[in-house]
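Chains as they are written, first to last, in my numbering: chain A, 1 to 256; chain B, 257 to 373; chain C, 374 to 516.
Note that these hints are calculated values from the structure, not bench results.
Hints may contain errors.
Claimed, not checked - Quick list of the computed label-pair ranges, beta carbon to beta carbon:
| # | chain 1 | residue 1 | chain 2 | residue 2 | range |
| --- | --- | --- | --- | --- | --- |
| 1 | A | G88 | B | F286 | 28 to 34 Å |
| 2 | C | N425 | B | E315 | 19 to 25 Å |
| 3 | A | T19 | C | L501 | 50 to 56 Å |
| 4 | B | T289 | C | K384 | 55 to 61 Å |
| 5 | A | I139 | C | E419 | 51 to 57 Å |
| 6 | A | N102 | C | Y480 | 17 to 23 Å |
| 7 | A | T155 | C | Q377 | 45 to 51 Å |
| 8 | C | G382 | A | S78 | 28 to 34 Å |
| 9 | A | T19 | C | N388 | 46 to 52 Å |
| 10 | A | V26 | C | D479 | 32 to 38 Å |
| 11 | C | G511 | B | F286 | 14 to 20 Å |
| 12 | C | L501 | B | Q338 | 40 to 46 Å |
| 13 | B | M370 | C | G515 | 32 to 38 Å |
As the list claims (entries may be wrong) - Here chain C is said to cover these stretches of chain A; the calculated rule only asks that three of the stretch's residues, wherever they fall, bring their Cβ under 8 Å from a Cβ of chain C:
| # | segment |
| --- | --- |
| 14 | 45 to 52 |
| 15 | 70 to 80 |
| 16 | 129 to 142 |
| 17 | 154 to 163 |
| 18 | 186 to 194 |
| 19 | 219 to 227 |
Stated by the list, open to error - Here are the simulated DSBU-like pairs of lysine-lysine, each with C-alpha atoms no more than 35 Å apart in a straight line:
| # | chain 1 | residue 1 | chain 2 | residue 2 |
| --- | --- | --- | --- | --- |
| 20 | C | K490 | A | K89 |
| 21 | A | K61 | C | K490 |
| 22 | A | K150 | A | K206 |
The C-beta atom is built at its ideal place from N, Cα and C for all residues, glycine as well.
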Amino acid sequence: MAAISPKMAEEVSQTAVPTPKSITLVISKFNPNHESSYKFVEFKVPVQKWTTVLDAILYVKQHLDTSIAVRYSCRQASCGSCGMKINGKPSLACYTKISELNSDIVTVEPMSNFPIIRDLAVDFTSLFSNHKKLKPYIIREDSEIVGDAKEFLQTPKDVEEYLQFSYCIKCGLCNSACPTMATDSSFLGPQALTQAYRYVADNRDKGKKERLKMVDESHGIWRCHFAGSCSKVCPKGVDPAMGIQLLRGYLLGFRK
Amino acid sequence: MIKMRESVIMKIHYGTALGAVALVAIHILFRMTQNFTVSLQYENVIANYHLLPYSLMLEVVLILLSIHGFNGLRVILLELKQGIGYEKIVNWGCISAMAVLVAYGSRTILMAGMGIS
Amino acid sequence: MERQSNREGVKGMLNPTRYGIERVAYWLQRLTGLGLLFYLIGHVIETSAIVNGKVAWDNMLALTQTTEGHIILILVIGMSAYHTVNGIRVMLGHGGIGVGKPGMPDYPYKAASLNYKQRASIWISIALAIIAMLYGAGVLFGD
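Here chain A stands alone, though its shape is the one from the complex (with noise of 0.2 Å):
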């Protein structure tokens, strides 16, 4: 093993870590098969600069109370799976850093408006019903590859048209945050809406009349307000809002 220089040794302790300061992480705590209400536990946790909400919770996994249940998977705000309340507002819990926060105490909750299956874990049956019902993949007669078929060319600007709302992670905040989600059980959401314009919106697609007669029903598309709140949390720029009024233009007449 090479030996340091005093001179590289003065260095590395100039870029050493620096005493993390301490934090009141407060995580919601409920298991429906065996409580009746949810309960707020608090748990002090060292944090750095650069320290995730989700980070924050593992620690607490780790060295705290390893019975808090917690969805995640990527740790990059690429998979979804980690979505959760966070000081009340529907958030990753990967990409959020505590120290955007700014405060000393974070609340961490099960997103609002789907099931809790236990701690911060929640179910997402309705979510991928809902999304699965409005047939996210292109419908066309020829999609099968047969013989020397070749694939659907599109322009960059025939890309353009969708490609920001195939960003979608299907994480659920967006659905979280909706207002008409907070009391309608039936609402298709603004995720599956999203969904149904990124198909519709697709040059090689050709199940636009079948979506919108989908999307065109009492607890449907027109249960969207424009209330913007799905766009504000979206953390991949989905902007869910955009694609349901866009979506709705078609309905409407002013899309063709």
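Given chain A's structure and the hints, the job is docking chains B and C onto it.
Chains B and C alone, transformed into the frame defined by chain A:
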């Protein structure tokens, strides 16, 4: 009964809103043609009702606002609670309330316009 | 076992603190809509007094031409102005007008649909409602 598509209902909702805005503006202007308190005196109001185009306009305003208002209420109630029975009650309840309000308002317009009092 | 729905309910729907002015505009639109519907019902009932003759009409006027009556009417004027102007914004938005164009999202992912035109329209709706109320107050209390 044929079920109306939600898009048709909402187009009616928007249409009634735009129509009502224009006509309510005229309705308010009628109160501003003279001193507000004076315009509300019995003789002046009756004179308004006796003016056929104004009475017809009041009838249209009543219908437009009732449709728009009760459909708005229907939307809010449908979003608050769900269930087949509940939604049926809300839909029919709002249609009935709208019909009653239009009928009651029309009675006033008709009786005052014809001088029956 | 059916899991608890964990829906935020009316309280969460109406909470104005988390999602900006657009969310406030949403519930103000609802609130003013409900207020105006109740006024419409009341107005149809109060004006029906005309069919019972001058005495009945004057009695009804005596009830409504009070300070409280004027305050209610001023609120109705404000609600009408806000509901109309914001309603036109929402209607245009519903048609996809003024909500921005789809494009490549860039960090920090500001939503194009929540643009300054939308926010300015909301503030204009509120400002016009206040101006209309002040004008209404001038007319009602100036007489």
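Going through the numbered hints above, which ones does this structure break? Give me the numbers in ascending order. 1, 4, 9, 12, 14, 15, 16, 18, 21
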